[in-house]
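Novice: The lines below spell out each chain.
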Amino acid sequence: MHNEEQLKASLKENGDLKAALDEHAIVAITDPRGRITYVNDKFCAISKYSREELIGQDHRIINSGHHPKQFIRELWETIGRGRVWHGEIKNQAKDGSFYWVDTTIVPFLDENGSPRQYVAIRADITTRKAAEETVRHLNADLEQRVKERTAQFEAANRELEAFSYSVSHDLRAPLRAIDGYSQAVLEDFAALLPEEGRRHLETIRQSAQRMGELIDDLLAFARLGRQELARRPIDMADLVRRALADLEFATRDRPVEIQVGALPECSGDFVLLKQVWLNLLSNALKYTRKRAAAKVEVGCLTNQHEQVYFVRDNGTGFDMRYVGKLFGVFQRLHRAEDYEGTGVGLAIVQRIVHRHGGRVWAEAAVDRGATFYFTVNGNPNP
Amino acid sequence: MSDPTSVELLLVEDNPQDLELTLRALRKANLAARVHVARDGVEAAEFLFCEGPHATRQFSRPPKVVLLDLKLPKLDGLEVIKRVKGDPRTKFIPIVVLTSSREQRDVVESYQLGVNSYIVKPVNSDHFSAAVRELGTYWLLLNQPPKTNA
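Here the protein sequences come in this chain order: H and C.
My numbering puts the first sequence at residues 1 to 382.
My numbering puts the second sequence at residues 1 to 150.
One thing to keep in mind: the hints can contain errors.
Derived contacts from chain C toward chain H, CB cut-off under 10 Å, selection only [claimed, not checked]: (1) Asp18; (2) Leu21; (3) Arg24; (4) Ala25; (5) Leu70; (6) Lys71; (7) Lys74; (8) Ser101; (9) Arg102; (10) Glu103; (11) Ser117; (12) Lys121; (13) Asn124; (14) Ser125; (15) Asp126; (16) Phe128.
Distance ranges between label pairs, derived from CB positions [as the list claims (entries may be wrong)]: (17) H:Glu196 - C:Thr56: 50 to 58 Å; (18) C:Gln17 - H:Arg158: 26 to 34 Å; (19) H:Glu187 - C:Gly52: 33 to 41 Å; (20) C:Gln17 - H:Arg199: 17 to 25 Å; (21) H:Asp246 - C:Ala33: 36 to 44 Å.
None of these hints come from the bench; they were simulated from the model.
Cβ coordinates follow ideal geometry from the N, Cα and C atoms, glycine included.
Work the whole structure out from these sequences, hints included.
Specialist: As structure tokens, then:
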């Protein structure tokens with residue numbers, strides 16, 4: 001009596017578990033040869049077969065043909081040995097549509113240890129699989145687009161190289177002819193020329209030479225964009241010493257007081273950062289040329305965020321109204337008669353500093369000197 | 001142009017103005033007497049390899065120096081260098097590249113192929129004349145080539 005009640009309770013509990021399982025999962029049972037002996041409603045719903053169409057059929061009725069033979073063989077070997085198999089399977093419904101199921105197949109063995117039946121419990125993962133597929137497509141598409149853009153970029157770069165090569169080679173030749181033949185006239189026919197004619201020829205020569213300088217500077221500026229940045233620790237104090245040594249010719253014939261303060265190390269490209277110091281220092285020397293007591297100060301202001309290097313001079317300065325033009329290519333704030341130059345030096349400084357992820361700016365007043373500041377730390381900006 | 005068997009300087013230049021200005025600079029330096037001019041890479045190669053119109057030349061009497069432009073019709077300068085420096089009969093002939101190009105890849109490739117010097121033609125004609133004069137003096141008068149036994 002007592003046992004019968006226990007049995008009833010146990011059956012009831014099994015019934016509850018099955019009801020709950022049927023609410024959640026797709027369930028099928030097959031015999032050891034794979035013939036379907038049981039399906040629940042969810043199995044019928046997703047496979048779009050009726051129960052009558054399924055019972056007694058080989059389970060392969062819902063094969064999609066998606067999985068390789070090896071995959072199916074391993075599945076059968078696993079459950080044939082009495083082990084649980086778990087995996088994701090793509091099946092085909094009666095109407096030809098496909099669905100994905102996350103599957104657990106549990107083998108139940110007879111007294112001899114051979115499979116008696118297999119119970120397969122599945123969950124529909126078709127939506128997730130579709131999403132994964134979409135992501136895969138998007139990634140492949142993105143990769144393709146990146147590849148195309150890179151190819152376009154490389155083509156543009158090659159064109160630019162060909163262009164600057166042509167500028168470098170072909171524009172200089174006519175300039176040499178202009179300068180060379182003017183010189184030849186001056187040498188061979190000077191006696192036949194009035195003073196003004198000789199002066200005009202000199203002007204032609206100077207203009208040709210100036211154009212040669214402009215071409216060289218423009219090419220140097222263009223090359224900066226292509227050059228790889230070779231970052232390493234840089235001793236800025238040493239770099240400034242080297243730059244000043246290179247500029248020794250500019251201070252040989254006049255007294256310039258040059259003060260160099262403490263300059264902390266930084267990380268950057270040695271050659272390019274030396275170019276920054278060279279350009280800023282040669283500017284400072286150039287624009288203090290008319291000072292009786294020229295003074296150039298080099299230093300670094302350090303706050304908690306960054307190191308700000310600077311070059312300060314007491315030279316001719318400039319009007320802050322035009323500061324926006326200062327770093328543009330071929331932009332000049334002084335007349336060529338007063339101070340020579342092509343207007344590329346500060347553009348080069350700006351490009352190098354930007355490529356290091358730094359900033360550059362200036363403060364000045366007319367006739368009261370100028371200070372140029374730059375930073376080099378920060379994220380590289382190629 | 002002089003007797004081609006006693007040429008000391010082969011000038012390879014296609015641009016007529018550059019050619020005239022280079023010859024003028026050589027003349028002013030009294031170095032123009034034994035110059036032969038080639039107007040493209042093929043003419044230069046024929047001269048150096050004693051072929052075609054120069055079949056009677058002998059490898060045993062090479063020029064003391066070749067002044068070579070890089071951008072040349074037919075056969076370009078780098079190709080001429082490759083042939084000359086790659087041939088045991090001509091590889092000792094000094095080649096000085098005299099070009100408009102300051103592109104690093106031209107400089108590097110020229111040296112890789114074995115040129116002896118690389119000069120960028122200055123725009124300023126005073127500098128240009130000085131460069132040609134110094135080049136000529138160095139290679140024609142100062143430099144000691146190996147004795148040829150070809």
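Novice: Taking the hints in turn, state whether each one holds.
Specialist: Hint check:
{"no.": "1", "hint": "Asp18", "in the structure": "6 Å, holds"}
{"no.": "2", "hint": "Leu21", "in the structure": "4 Å, holds"}
{"no.": "3", "hint": "Arg24", "in the structure": "7 Å, holds"}
{"no.": "4", "hint": "Ala25", "in the structure": "9 Å, holds"}
{"no.": "5", "hint": "Leu70", "in the structure": "8 Å, holds"}
{"no.": "6", "hint": "Lys71", "in the structure": "6 Å, holds"}
{"no.": "7", "hint": "Lys74", "in the structure": "17 Å, violated"}
{"no.": "8", "hint": "Ser101", "in the structure": "5 Å, holds"}
{"no.": "9", "hint": "Arg102", "in the structure": "6 Å, holds"}
{"no.": "10", "hint": "Glu103", "in the structure": "6 Å, holds"}
{"no.": "11", "hint": "Ser117", "in the structure": "19 Å, violated"}
{"no.": "12", "hint": "Lys121", "in the structure": "6 Å, holds"}
{"no.": "13", "hint": "Asn124", "in the structure": "5 Å, holds"}
{"no.": "14", "hint": "Ser125", "in the structure": "4 Å, holds"}
{"no.": "15", "hint": "Asp126", "in the structure": "7 Å, holds"}
{"no.": "16", "hint": "Phe128", "in the structure": "7 Å, holds"}
{"no.": "17", "hint": "H:Glu196 - C:Thr56: 50 to 58 Å", "in the structure": "54 Å, holds"}
{"no.": "18", "hint": "C:Gln17 - H:Arg158: 26 to 34 Å", "in the structure": "30 Å, holds"}
{"no.": "19", "hint": "H:Glu187 - C:Gly52: 33 to 41 Å", "in the structure": "38 Å, holds"}
{"no.": "20", "hint": "C:Gln17 - H:Arg199: 17 to 25 Å", "in the structure": "24 Å, holds"}
{"no.": "21", "hint": "H:Asp246 - C:Ala33: 36 to 44 Å", "in the structure": "41 Å, holds"}
The earlier numbered hints that this structure contradicts are 7, 11.
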